[in-house]
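Colleague: If you want the building blocks of each chain, they are given just below.
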Amino acid sequence: KQEVTQIPAALSVPEGENLVLNCSFTDSAIYNLQWFRQDPGKGLTSLLLIQSSQREQTSGRLNASLDKSSGRSTLYIAASQPGDSATYLCAVIATNNAGNMLTFGGGTRLMVKP
Amino acid sequence: NAGVMQNPRHLVRRRGQEARLRCSPMKGHSHVYWYRQLPEEGLKFMVYLQKENIIDESGMPKERFSAEFPKEGPSILRIQQVVRGDSAAYFCASSPHAGGASNQPQHFGDGTRLSIL
Numbered sequence: 001k002q003e004v005t006q007i008p009a010a011l012s013v014p015e016g017e018n019l020v021l022n023c024s025f026t027d028s029a030i031y032n033l034q035w036f037r038q039d040p041g042k043g044l045t046s047l048l049l050i051q052s053s054q055r056e057q058t059s060g061r062l063n064a065s066l067d068k069s070s071g072r073s074t075l076y077i078a079a080s081q082p083g084d085s086a087t088y089l090c091a092v093i094a095t096n097n098a099g100n101m102l103t104f105g106g107g108t109r110l111m112v113k114p
Numbered sequence: 001n002a003g004v005m006q007n008p009r010h011l012v013r014r015r016g017q018e019a020r021l022r023c024s025p026m027k028g029h030s031h032v033y034w035y036r037q038l039p040e041e042g043l044k045f046m047v048y049l050q051k052e053n054i055i056d057e058s059g060m061p062k063e064r065f066s067a068e069f070p071k072e073g074p075s076i077l078r079i080q081q082v083v084r085g086d087s088a089a090y091f092c093a094s095s096p097h098a099g100g101a102s103n104q105p106q107h108f109g110d111g112t113r114l115s116i117l
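Residue numbers (the numbering used here), protein chains in the order written: chain S, 1 to 114; chain C, 1 to 117.
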């Protein structure tokens, strides 16, 4: 059974810092890994999707890497801003998953202080 | 191009009543997924549907819960005889093709917050 873990559970940093969020998964047989952002009381916004054959994806100040063999992904946020404050979720779709459902980690709650 | 639309945004029910949650996928998307987020917990998969078919309902409780995605109209998640433990945020996501091998991201709605009195 696929399990996804995110550390740290919460993170507070001053504005301007570069930071790394970690995600690990137990079964390396995945189609892809997706990073989401969730604001309080809101839905999920897709940030980056990394296919199993890829090593990383970049969008603006965000960079996500994937090491499938070790079951790890990182989300790097450069020059953090108060507007980045949110919960960040990673999720995978396993290849043995006929339902194509996402398995989520518990999330990292990020607070960027001005 | 409107995103995934869920309604209502907030729903309050008393124990024993029925709750109906609606989800209209993005235009052109024929795959719908329902997830539940219990307080202080992560999102858990409930059910995956294509038009008129339930593909995988392995995450949905066997009793009181049902889902449909008719040929016309939104997908419906129905909870009968609600209990306090059903209080949660219910999210719907859609994709144009099966989310796995197609590498298409799932797009999420803003969710329905269900509160049981």
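Hint data in this document are derived by calculation from the structure and do not stem from the laboratory.
Beta carbons: idealized from backbone N, C-alpha and C, even for Gly.
One or more of the hints may lead you astray.
[Said to hold, decoys possible] To list a few chain S residues with every Cβ distance to chain C over 12 angstroms, as calculated:
1. 4
2. 18
3. 42
4. 58
5. 63
6. 85
[As the list claims (entries may be wrong)] Computed, partial: chain C to chain S, Cβ under 8 angstroms:
7. 18
8. 45
9. 103
10. 106
11. 109
12. 111
Colleague: Let me know if the C-beta of residue 103/C comes in closer than 8 angstroms to any C-beta of chain S, holds or violated.
Modeller: holds (5 angstroms)
Colleague: May I ask you to test the interface hint for residue 109/C with respect to chain S, counting a Cβ-Cβ separation under 8 angstroms as satisfied?
Modeller: holds (5 angstroms)
Colleague: Does residue 106/C pass the interface check with chain S, least Cβ-Cβ distance below 8 angstroms?
Modeller: holds (6 angstroms)
Colleague: Would the least Cβ to Cβ distance between residue 63/S and chain C come out above 12 angstroms?
Modeller: Holds: least Cβ distance 17 angstroms, greater than 12 angstroms.
Colleague: Verify this label for me: residue 18/S is non-interface relative to chain C, using a Cβ-Cβ cutoff of 12 angstroms.
Modeller: holds (25 angstroms)
Colleague: According to the definition I'm using, a residue is off the interface if its beta carbon is farther than 12 angstroms from all beta carbons of the partner; does residue 58/S meet that for chain C?
Modeller: holds (16 angstroms)
Colleague: For the hint on residue 111/C, just tell me whether its beta-carbon gets within less than 8 angstroms of chain S.
Modeller: Holds: closest Cβ of chain S sits about 5 angstroms from residue 111/C, inside 8 angstroms.
Colleague: Would you settle whether the hint for residue 18/C is holds or violated, based on the nearest Cβ-Cβ distance to chain S being less than 8 angstroms?
Modeller: violated (24 angstroms)
Colleague: Is the Cβ of residue 85/S more than 12 angstroms away from each Cβ in chain C?
Modeller: About 18 angstroms separates residue 85/S from the closest Cβ of chain C, which puts it past 12 angstroms; holds.
Colleague: Report holds or violated for the interface hint on residue 45/C, using the least CB-CB distance to chain S and a cut-off of 8 angstroms.
Modeller: holds (4 angstroms)
Colleague: Taking the minimum C-beta separation from residue 4/S to chain C, is that value above 12 angstroms?
Modeller: Contrary to the label, residue 4/S does not stay out of reach of chain C, its closest Cβ about 8 angstroms off (not over 12 angstroms).
Colleague: Does residue 42/S sit more than 12 angstroms from chain C, CB to CB?
Modeller: With a cut-off of 12 angstroms, residue 42/S comes too close to chain C, as the shortest Cβ separation is near 6 angstroms.
When each numbered hint is compared with the structure, violations occur for hints 1, 3, 7.
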